[in-house]
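Visitor: The lines below spell out each chain.
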Amino acid sequence: MLRIAIIFSSLISLLAVSLSLRADEHVPPLKDGEGYLLVGISMNRIYFESIKLDGGGSLIYAHTFDSEDLGDRVNYELIKLPEGRYFWKFIMLANNRRYEFGKKEFPMTVEAGRVNYGGLFFGQQLERNRSYFKLLNRATTAIKVAEERYSDLLARYPMRFGAPGDDPFVDYYFSLPPKDDPDE
Amino acid sequence: MRRFLTSMAVFALSATGFAAETVIEVQLAEPEEVEAALAPSIHGTLVTEFFKHNQYWTPRISPNGQLVVVLETIDDVREIVLLDFANGRKLKLLAEKLRTLEIRSLYWIDNEHIAFTYDSYGQQRMGLISLVFVDGIATDLTVKVLGNDWYMLDPLPTVPNRAVVVVVRSGKPHIFKVDTENPKESVTRLINSRFQNMIHKSTGWMTDANGRVRAVTEYDHDKLTKIIWYRTDDSNKWRGIWKGDPATIFVPLLAHPDNRSITVITNEKTDHAILTTYNRVSGEYGETLFNVDGADVESAEVNPAKTRVVSVTSVRNGISEQHFLQDPTVAFPKLLDTQAYGSAPYVIDLSYDERHAIVRTSTNDDPGEFFLFDTDKNLSYRIGHLRPWLSRFRLGKTRTIRTVAQDGLEIESYLTIPDPVYERPPLIVMPHGGPISVRDTRDFDSTVQLFATLGYAVLQTNYRGSGGFGKTFESKGERQWGRQIEDDIEASLESVVDLDIVDNTKVCIYGASYGGYSALISAVRSPDLYKCAGSFAGVTDMSLLFHEFGVNHSNIIRKAVERIVGDPGKDMDSLIEFSPVFNAERISVPVLLAHGDKDETVDIEHFDRMKMMLEYYEKNARYLVLKGEGHGTKYLNSDIRLFTALDELFRSAMDLPAPDKESMLAPGADWPEAEEEVTDQ
Chain X
1 MLRIAIIFSS
11 LISLLAVSLS
21 LRADEHVPPL
31 KDGEGYLLVG
41 ISMNRIYFES
51 IKLDGGGSLI
61 YAHTFDSEDL
71 GDRVNYELIK
81 LPEGRYFWKF
91 IMLANNRRYE
101 FGKKEFPMTV
111 EAGRVNYGGL
121 FFGQQLERNR
131 SYFKLLNRAT
141 TAIKVAEERY
151 SDLLARYPMR
161 FGAPGDDPFV
171 DYYFSLPPKD
181 DPDE
Chain U
1 MRRFLTSMAV
11 FALSATGFAA
21 ETVIEVQLAE
31 PEEVEAALAP
41 SIHGTLVTEF
51 FKHNQYWTPR
61 ISPNGQLVVV
71 LETIDDVREI
81 VLLDFANGRK
91 LKLLAEKLRT
101 LEIRSLYWID
111 NEHIAFTYDS
121 YGQQRMGLIS
131 LVFVDGIATD
141 LTVKVLGNDW
151 YMLDPLPTVP
161 NRAVVVVVRS
171 GKPHIFKVDT
181 ENPKESVTRL
191 INSRFQNMIH
201 KSTGWMTDAN
211 GRVRAVTEYD
221 HDKLTKIIWY
231 RTDDSNKWRG
241 IWKGDPATIF
251 VPLLAHPDNR
261 SITVITNEKT
271 DHAILTTYNR
281 VSGEYGETLF
291 NVDGADVESA
301 EVNPAKTRVV
311 SVTSVRNGIS
321 EQHFLQDPTV
331 AFPKLLDTQA
341 YGSAPYVIDL
351 SYDERHAIVR
361 TSTNDDPGEF
371 FLFDTDKNLS
381 YRIGHLRPWL
391 SRFRLGKTRT
401 IRTVAQDGLE
411 IESYLTIPDP
421 VYERPPLIVM
431 PHGGPISVRD
441 TRDFDSTVQL
451 FATLGYAVLQ
461 TNYRGSGGFG
471 KTFESKGERQ
481 WGRQIEDDIE
491 ASLESVVDLD
501 IVDNTKVCIY
511 GASYGGYSAL
521 ISAVRSPDLY
531 KCAGSFAGVT
541 DMSLLFHEFG
551 VNHSNIIRKA
561 VERIVGDPGK
571 DMDSLIEFSP
581 VFNAERISVP
591 VLLAHGDKDE
601 TVDIEHFDRM
611 KMMLEYYEKN
621 ARYLVLKGEG
631 HGTKYLNSDI
641 RLFTALDELF
651 RSAMDLPAPD
661 KESMLAPGAD
671 WPEAEEEVTD
681 Q
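If you read the sequences in order, they're chains X and U.
Going by my numbering, the residue at position 96 of the first sequence is 96; the numbering climbs one at a time, nothing skipped.
Going by my numbering, the residue at position 637 of the second sequence is 637; the numbering climbs one at a time, nothing skipped.
Source of the hints: derived by calculation from the structure; they are not laboratory data.
Errors might be hidden in some of the hints.
Below 30 Å or equal to it, Euclidean Cα-Cα: the simulated DSSO-like pairs (lysine-lysine) are [unchecked claim]:
(1) 559/U with 172/U
(2) 134/X with 269/U
(3) 172/U with 104/X
(4) 627/U with 103/X
(5) 52/U with 598/U
(6) 52/U with 92/U
(7) 559/U with 144/U
(8) 570/U with 103/X
(9) 144/X with 598/U
(10) 269/U with 559/U
(11) 243/U with 570/U
(12) 559/U with 243/U
(13) 104/X with 634/U
(14) 134/X with 634/U
(15) 144/X with 134/X
(16) 103/X with 179/X
(17) 103/X with 172/U
(18) 661/U with 134/X
(19) 144/X with 619/U
(20) 179/X with 619/U
(21) 104/X with 269/U
(22) 134/X with 104/X
(23) 104/X with 598/U
(24) 134/X with 570/U
(25) 103/X with 92/U
(26) 134/X with 619/U
(27) 92/U with 134/X
(28) 559/U with 104/X
(29) 397/U with 377/U
(30) 627/U with 144/X
(31) 103/X with 619/U
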């Protein structure tokens, strides 16, 4: 059963159509019905192979983050996705075990034509076979990351809060007039 | 001398004074990041004196009343010490270097065994000291580890070698009665497996004299209720005997022999919490055993035999009072209630026959002493002073201030005035955290006395919503963030100004948690009252409270936060209106913003947002992130950094001279020698 799960997971990785975008890469423009998802990932003392984001069944809405593409500490990743609801589906550990998450545990929404902040997915190992996971709201850091890496993108696609709950701060911050550049 | 130990695989527990030396294997854990030691300074030395460990702590008397075990801290070493007053012996049982293991609690299992809980790099463990007696005198000992993630529920002091413990496995509590001589082989599960799932969600287990769990408090997070489950002494069948609002106080204390009644603290039928009996069969309350006029009964102490409640505690006029229900123990405080000691006594532990007691004294300007009282011989023995070194400083005196708020509500506050050497001192307004159910008292407070020693008067207001004044008073504080709560604080400040004993042109506000929020929102709404504002672990965005993990995974917690703060689905506009983050532009006084980077109660995102907005508006602000700290401080270096920054803020904003050592010292006292900072190799 476990072997089947691993093979299935690998298939998903191969079939995933979303792209993880770095600042120094070309950011493909959005098509109709697509939005960007900016997520943070931080796994503390958890040795993992991959983490899967799912859109609820269809393979083309999935995205798998491989550990080798992520740094040791807090990672912020931007991916292009069809609009809709997404959730963290599972984390595959280095020892071939995996934690499964329910659809309602760590959900997020992607709106078309927006940079959607989906929260910081945080995991911590407590004991050898016990870890806990939670979705943190670190919108301030996400805003800074977005402004530093994707300032051109933000000019075209407004940022919004896409993690669970209402958070007026992101809209409020971007409603403020830009500060004068002292170098100008 | 303070040592900073960053890693240690095996730690030797030295049995000083005995021939034996025992080694406890300590599981290697990654140590917390420890910041570099700060160079000695006036602030560093002063804060160290106020916040270092007590010299004596948590004394416990043996069931037969013959021995006392106590934690004693000297320099960087904490020892478990055995005091044998009858034979004039003081024996060091076990020593540990601070920052390596943190011994927290001591329990007599019987007259020959002492359990101790300790924290090793974040993991709670329990150990056992076995005393060996020759001719009635302890002459040797052995030490062993009982288990990891063990918590003491009931040491069963009258049953040899037995204790009831809570063992946390995979994050869930399990309750066992253990044979401390053979903890792995002899274990009795006290709650059957079927009921265990309910126990996982419960807190507040009540045991009887035999160590049998008789009552359990469960929170049903789906139905938003609190349920008390109970079983009789002759049955394994659990019955729900009380169900109600989770906010209602209902604390089972004692099972009666008739198997029908229990003694509880509750406020279900009264505005203030009282001590009363509850008939579990009829669901009706019996006679009121104790109530305090105008104050909640906050806690109660049950005798070691678990046959009766010995005393209850309440806070009146800011002072913690212990009220005794029957005569025998009245003898103890009467012994102490003399001018020789000059402060209110408090019985903290009793021998099984209640003829020997450990008593603590304390006042607002004295952390106090521990005494052993022997009513058989009518003798008292001094165990030790909590912090004898503080007598070298000019500590302040605290008085009660009563203010009538605009709506007629009486508000109780405490004003600490520094030594008269400081004429018309500047004032620090210091709102407490919470805001609901938490309160300030006039008992000794290290932060208040540190500020007083530095020359500041300190005002602590028990604004509406504070605990201890009844549930009507508490409910008046709900959804009053930035509104009537701060009105109360400003009304009490006006009362102090009217006294004309402080310099009302020099007032700053500082607080932690809700107090940090209050400081920031006060700077927004009343810039003319305050010269500066300091916030530690403060809430800055009320809507962000609904993003905390616990709030999103417990309906009870979410409903409680909605009741206290407001419902983001309906009240988002007011959450924004009264959040400092969205009002940063209106702040015109200097600000200190401090936060622990591991705070899981008020996430550091609150700090990040406020910092972002203060920087956006180019406000005069200083920022302090305390590494490794949660919703409070545990590292002395953090206290030094925080209070140094606060004093610098106060002095700069209120145009005060630098702190002067001589003004801080009591007549004839010397400034303490700066502690040598040593980094362990």
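Visitor: Hints first: check each against the structure and report whether it holds.
Guide: Here's how the hints hold up against the structure:
The straight-line distance between the Cα atoms of residue 559/U and residue 172/U is roughly 24 Å, inside the 30 Å bound, and the hint therefore holds. Between residue 134/X and residue 269/U the alpha-carbon distance is near 40 Å, which puts this suggested pair outside the 30 Å criterion. Simply put, residue 172/U and residue 104/X have alpha-carbon atoms about 23 Å apart, close enough for the 30 Å limit, and the pair holds. For a cut-off of 30 Å, the pair hint linking residue 627/U to residue 103/X is broken: about 34 Å separates their Cα positions.
This hinted pair checks out: residue 52/U and residue 598/U have alpha carbons roughly 22 Å apart, not beyond 30 Å. Distance hint between residue 52/U and residue 92/U is fulfilled; the C-alpha atoms sit about 21 Å from each other, no more than 30 Å. With a CA separation close to 45 Å, the supplied pair residue 559/U and residue 144/U exceeds the 30 Å bound. Among the hinted pairs, residue 570/U with residue 103/X is consistent with the structure: their alpha-carbon atoms are about 26 Å apart, no more than 30 Å.
Our distance criterion of 30 Å between C-alpha atoms is met by residue 144/X and residue 598/U, whose separation comes to about 21 Å. In summary, the hint linking residue 269/U to residue 559/U is supported, as the alpha carbons are separated by about 22 Å, within the 30 Å threshold. Restraint check: the Cα-Cα separation between residue 243/U and residue 570/U comes to about 29 Å, which is no more than 30 Å; the hinted pair holds. Distance restraint check for residue 559/U and residue 243/U: the Cα-Cα separation of roughly 17 Å lies within the 30 Å cut-off, and the hinted pair is therefore satisfied.
Straight-line distance between C-alpha atoms of residue 104/X and residue 634/U comes to about 36 Å, which puts the hinted pair past the 30 Å bound. For the hint linking residue 134/X to residue 634/U, the alpha-carbon distance of about 25 Å falls within 30 Å, and the restraint holds. Between residue 144/X and residue 134/X the CA atoms are separated by roughly 22 Å; this keeps the pair inside 30 Å, and the hint holds. Proximity of residue 103/X to residue 179/X is assessed by CA-CA distance (about 40 Å); at most 30 Å being required, the pair is judged violated.
Taking the CA atoms of residue 103/X and residue 172/U, the gap is about 24 Å. The hint holds against a cut of 30 Å. A distance of roughly 49 Å separates the Cα atoms of residue 661/U and residue 134/X; the hinted pair therefore is violated under the 30 Å criterion. Taking the CA atoms of residue 144/X and residue 619/U, the gap is near 19 Å; set against the 30 Å cutoff, the hint holds. The suggested pairing of residue 179/X with residue 619/U holds, with an alpha-carbon distance near 14 Å, which does not exceed 30 Å.
Taking the CA atoms of residue 104/X and residue 269/U, the gap is near 40 Å; set against the 30 Å cutoff, the hint is violated. Simply put, residue 134/X and residue 104/X have alpha-carbon atoms about 12 Å apart, close enough for the 30 Å limit, and the pair holds. Only pairs whose Cα atoms come within 30 Å are accepted, and residue 104/X paired with residue 598/U is accepted, the gap being roughly 26 Å. A threshold of 30 Å between alpha carbons decides the hint, and for residue 134/X with residue 570/U the separation of about 26 Å falls inside it, so the pair holds.
At roughly 57 Å between alpha-carbon atoms, residue 103/X and residue 92/U are farther apart than 30 Å, so this suggested pair is violated. At roughly 34 Å between alpha-carbon atoms, residue 134/X and residue 619/U are farther apart than 30 Å, so this suggested pair is violated. Note on residue 92/U and residue 134/X: the hinted pairing is violated, with a Cα-Cα distance of about 45 Å set against a maximum of 30 Å. Our distance criterion of 30 Å between C-alpha atoms is met by residue 559/U and residue 104/X, whose separation comes to about 19 Å.
This hinted pair does not check out: residue 397/U and residue 377/U have alpha carbons roughly 36 Å apart, beyond 30 Å. For the hint linking residue 627/U to residue 144/X, the alpha-carbon distance of about 21 Å falls within 30 Å, and the restraint holds. Under the criterion of a C-alpha separation no larger than 30 Å, the hint pairing residue 103/X with residue 619/U is inconsistent with the structure, at around 43 Å.
Hints 2, 4, 7, 13, 16, 18, 21, 25, 26, 27, 29 and 31 from the earlier list are contradicted by this structure; the remaining hints agree with it.
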